[in-house]
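*Asks:* Those protein sequence lines, which keep their order, are chains U, C and F. With our numbering, the residue at position 21 of the first sequence is 588, and numbering never jumps. With our numbering, the residue at position 35 of the second sequence is 602, and numbering never jumps. With our numbering, the residue at position 151 of the third sequence is 718, and numbering never jumps.
Hints are computed from structural coordinates only; laboratory data are not their basis. It is possible that some hints are incorrect.
One copy or any two copies: either way a pair holds, since identical chains are not told apart in the list.
In silico DSS-like links for lysine-lysine, alpha-carbon gap of 30 Å or less [claimed, not checked]:
1. LYS743 with LYS845
2. LYS824 with LYS619
3. LYS733 with LYS696
4. LYS696 with LYS743
5. LYS641 with LYS743
6. LYS619 with LYS845
7. LYS732 with LYS641
8. LYS616 with LYS732
9. LYS845 with LYS733
10. LYS743 with LYS733
11. LYS869 with LYS824
12. LYS733 with LYS861
13. LYS732 with LYS696
14. LYS733 with LYS824
15. LYS861 with LYS619
16. LYS616 with LYS861
Everything numeric in this text was worked out from a predicted model, so none of it was measured.
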Amino acid sequence: MQLPAPISVEWIAKYLHGEIIGNAHQQANGINEIHQVRHGDITFVDHEKYYKTALQSAATVVLINQRLSAPAGKTLILVDDPFRAYNQLVRHFHPFSFPETSLAQSIQVGEGTRIAPEVVIGEHVQIGKDCLIYPHVTIYDHCIIGDRVIIHSGTVIGADAFYYKKRTGEVWQYEKMISCGRVVIENDVEVGANCTIDKGVSGDTLIGAGTKIDNLVHVGHDTRIGKGCLIAAQVGIAGTVIIEDHVTLWGQVGVSKDLTIGREAVVLAQSGVPSSLKGGQIYFGYPAEEARYKRREIAWIKRIPEIWEKVKHL
Amino acid sequence: MQLPAPISVEWIAKYLHGEIIGNAHQQANGINEIHQVRHGDITFVDHEKYYKTALQSAATVVLINQRLSAPAGKTLILVDDPFRAYNQLVRHFHPFSFPETSLAQSIQVGEGTRIAPEVVIGEHVQIGKDCLIYPHVTIYDHCIIGDRVIIHSGTVIGADAFYYKKRTGEVWQYEKMISCGRVVIENDVEVGANCTIDKGVSGDTLIGAGTKIDNLVHVGHDTRIGKGCLIAAQVGIAGTVIIEDHVTLWGQVGVSKDLTIGREAVVLAQSGVPSSLKGGQIYFGYPAEEARYKRREIAWIKRIPEIWEKVKHL
Amino acid sequence: MQLPAPISVEWIAKYLHGEIIGNAHQQANGINEIHQVRHGDITFVDHEKYYKTALQSAATVVLINQRLSAPAGKTLILVDDPFRAYNQLVRHFHPFSFPETSLAQSIQVGEGTRIAPEVVIGEHVQIGKDCLIYPHVTIYDHCIIGDRVIIHSGTVIGADAFYYKKRTGEVWQYEKMISCGRVVIENDVEVGANCTIDKGVSGDTLIGAGTKIDNLVHVGHDTRIGKGCLIAAQVGIAGTVIIEDHVTLWGQVGVSKDLTIGREAVVLAQSGVPSSLKGGQIYFGYPAEEARYKRREIAWIKRIPEIWEKVKHL
Chain U
568 MQLPAPISVE
578 WIAKYLHGEI
588 IGNAHQQANG
598 INEIHQVRHG
608 DITFVDHEKY
618 YKTALQSAAT
628 VVLINQRLSA
638 PAGKTLILVD
648 DPFRAYNQLV
658 RHFHPFSFPE
668 TSLAQSIQVG
678 EGTRIAPEVV
688 IGEHVQIGKD
698 CLIYPHVTIY
708 DHCIIGDRVI
718 IHSGTVIGAD
728 AFYYKKRTGE
738 VWQYEKMISC
748 GRVVIENDVE
758 VGANCTIDKG
768 VSGDTLIGAG
778 TKIDNLVHVG
788 HDTRIGKGCL
798 IAAQVGIAGT
808 VIIEDHVTLW
818 GQVGVSKDLT
828 IGREAVVLAQ
838 SGVPSSLKGG
848 QIYFGYPAEE
858 ARYKRREIAW
868 IKRIPEIWEK
878 VKHL
Chain C
568 MQLPAPISVE
578 WIAKYLHGEI
588 IGNAHQQANG
598 INEIHQVRHG
608 DITFVDHEKY
618 YKTALQSAAT
628 VVLINQRLSA
638 PAGKTLILVD
648 DPFRAYNQLV
658 RHFHPFSFPE
668 TSLAQSIQVG
678 EGTRIAPEVV
688 IGEHVQIGKD
698 CLIYPHVTIY
708 DHCIIGDRVI
718 IHSGTVIGAD
728 AFYYKKRTGE
738 VWQYEKMISC
748 GRVVIENDVE
758 VGANCTIDKG
768 VSGDTLIGAG
778 TKIDNLVHVG
788 HDTRIGKGCL
798 IAAQVGIAGT
808 VIIEDHVTLW
818 GQVGVSKDLT
828 IGREAVVLAQ
838 SGVPSSLKGG
848 QIYFGYPAEE
858 ARYKRREIAW
868 IKRIPEIWEK
878 VKHL
Chain F
568 MQLPAPISVE
578 WIAKYLHGEI
588 IGNAHQQANG
598 INEIHQVRHG
608 DITFVDHEKY
618 YKTALQSAAT
628 VVLINQRLSA
638 PAGKTLILVD
648 DPFRAYNQLV
658 RHFHPFSFPE
668 TSLAQSIQVG
678 EGTRIAPEVV
688 IGEHVQIGKD
698 CLIYPHVTIY
708 DHCIIGDRVI
718 IHSGTVIGAD
728 AFYYKKRTGE
738 VWQYEKMISC
748 GRVVIENDVE
758 VGANCTIDKG
768 VSGDTLIGAG
778 TKIDNLVHVG
788 HDTRIGKGCL
798 IAAQVGIAGT
808 VIIEDHVTLW
818 GQVGVSKDLT
828 IGREAVVLAQ
838 SGVPSSLKGG
848 QIYFGYPAEE
858 ARYKRREIAW
868 IKRIPEIWEK
878 VKHL
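Extracted from the complex, chain U is given alone in its bound form:
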């Protein structure tokens, strides 16, 4: 998320009751969690295991719960609970928005766009020209829809990320990371019925131009789908995935988080993708491998009894 204007680390430290380590005259331009962080951003880290990652990241300001020395060009702000401090900062600059009317007053809708009855659109949503938004679609606040986009009934654009911090005290608790990102849908996208495309935690979930999505598809937070992709029914894509241009995912494919599927890759139905895949190949199975190898593997499995016959007397 971009901040509305540069904010001084002094203000931030004061607001969070934190202590500045390093350059006290720094300014921040955005807030982003570690996967999305860019130069100028505030991020947070609260676990020893990730201190190094955070300190070596592009972040300019790091909310942290241990007194470490600030790397050159970075400012640390020491707080008791960096996760909570981060959430507090997000909420300050991105006030909570809950739909009070079906169509919020602040929405912008392009010429030729038709919005069916029983659609709900939150604050600050922008919709381009010549779109069709079918009944019972919900678009949460701040999402951006391009031109000639079709969204079928029951689809939910921009619900919160499934992103919690586990606190294992007396009872386990999952504390919610506040989502301040958006969903951005580019031109000529069609989204089927009853899909769910979650907003980014701090950045954007992106559906590239000309991509077509079938029914009951889930797209997680901060995932970026390229241009001209085909996503068949009931596919599930976790958070912070990159799907490059012209990728095809057939029905019920599952894609794990934090990985990349390369340009023009095809993943056959029901496959599971636990790690990155190179482009230009056809994949199949769990874990998804090149389909020709996987088919051979299935054939080999069927030959185990034959092998057994050969070796059983050994």
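Got chain U sorted already, so can you dock chains C and F onto it with the hints?
*Replies:* Frame of chain U; chains C and F shown alone:
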């Protein structure tokens, strides 16, 4: 389902045109199908195969289609079609409720709870304090929602159980079991978008406190999910499952009916769970096994060609 | 799709700026893509690979982009872009319909049918007697619902087929095939919550009498499900599938396009069906095979280490 007051077996037998076998002065306090039955309840049995189970169950009153002798402390009511008689009784004490307005007059909503436009809530629903009910959520009659619960757009709470009796006459017919149970969602639960959580057939479908559910998740009738669980997107859980506390189910996992997943178990993405799993372990694959064994199995499969090379000349 | 009256090929050729090859006095009664085409129909073909199929099909009129000689009894209409010409013709005879009100004026609803608040029903929909249509259901234009049908909340009947023509020019583009078919749901069907049943591209998607469908199920365009089937939660069925009577598909099963599942087949949970299955058997796994063989296969896999022990010193 609890009855509004104790009901005499004489009244029940008369209402159903049935014949009392055993104690004619018994009273019933509830109606429950065999999986949920407790002392004081009416249940039914209509297949020889299950007579023994029903007669040895906790039920106090059993609707049955064969003249057996009543075990001590139980009353049998002989009827032609126990399934239909049971349904008839359920409907008498749980009159059919269909939403006539978006928000039924009888609903109770706690302070601080916000209900978005285009939400439909049925009769006798109770919602606690400080909840967020997003657009296009449907809550069927009699469901109970705790405090600080968040339900995202398009989610359906309390639709009927998928539970039919097959009648194989000239044509097969599936006769519907009438659902008289509820969905009970405890405090601090978050349910994602476009989920479906079915009501119990006769008892409650339960989502324990602090559990977080992602998008497009299905939870079947009478299933009880513990506290502090994480259920990722597109997971499907059948009916009458017990998920203990702090269980994690990753994306697209499927769980069969009538089983238990133990405390703190983790089931990895796309796994299928056909039978009960002990707590505290990480599971994977179909049928779900401990992940470390399953991973070895995948490695072994890849070695079949190597084995073949060794034995092909034998 | 049936045409409102027989249309002369002369009119069609003129409308499409095409050239008639063969009988110029032919008339057409319907428009159908190649999978659904019947005698009297117009269809199209635009790829050399399929010329033969189209010319040997039941079609009476074929829109084509190559000057071939017309087989006996057929008329070819030569156009630059048969796909686009076909779409143009479909749109002419099946004008685009977008919901402007929750309940279109042209809908017909039988006696005893109850329609909940927040339901949206498109133009020319027919609903039979004694149905229950729960909140947030969307029924797109022209769909036909029988008697005593129950449709639970959030289900979408009749959204467009997921059917595009890929054009690989400078950038890939997916051009949408216009769906002019319908969904036809016969008597006594129950459809769970948040399902999606797509309309036919040119014919009907059919749900046979007495079939029961659980939640979050996807049924693709032009698929025909028989009578008395059971389809459990999160099943996905692609387009142009035939499911015969009394088939049972358990949870999360996936069915590929253009295949047939025979009468009384049972497909166990999470299985994938890539090709046709004979009736009367129980199937399991991916690719779905008879369950007893698949279970043996799973057992064989577990014996690979034992085999290795026997051969490792060879």
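*Asks:* Which numbered hints does this structure break?
*Replies:* 15
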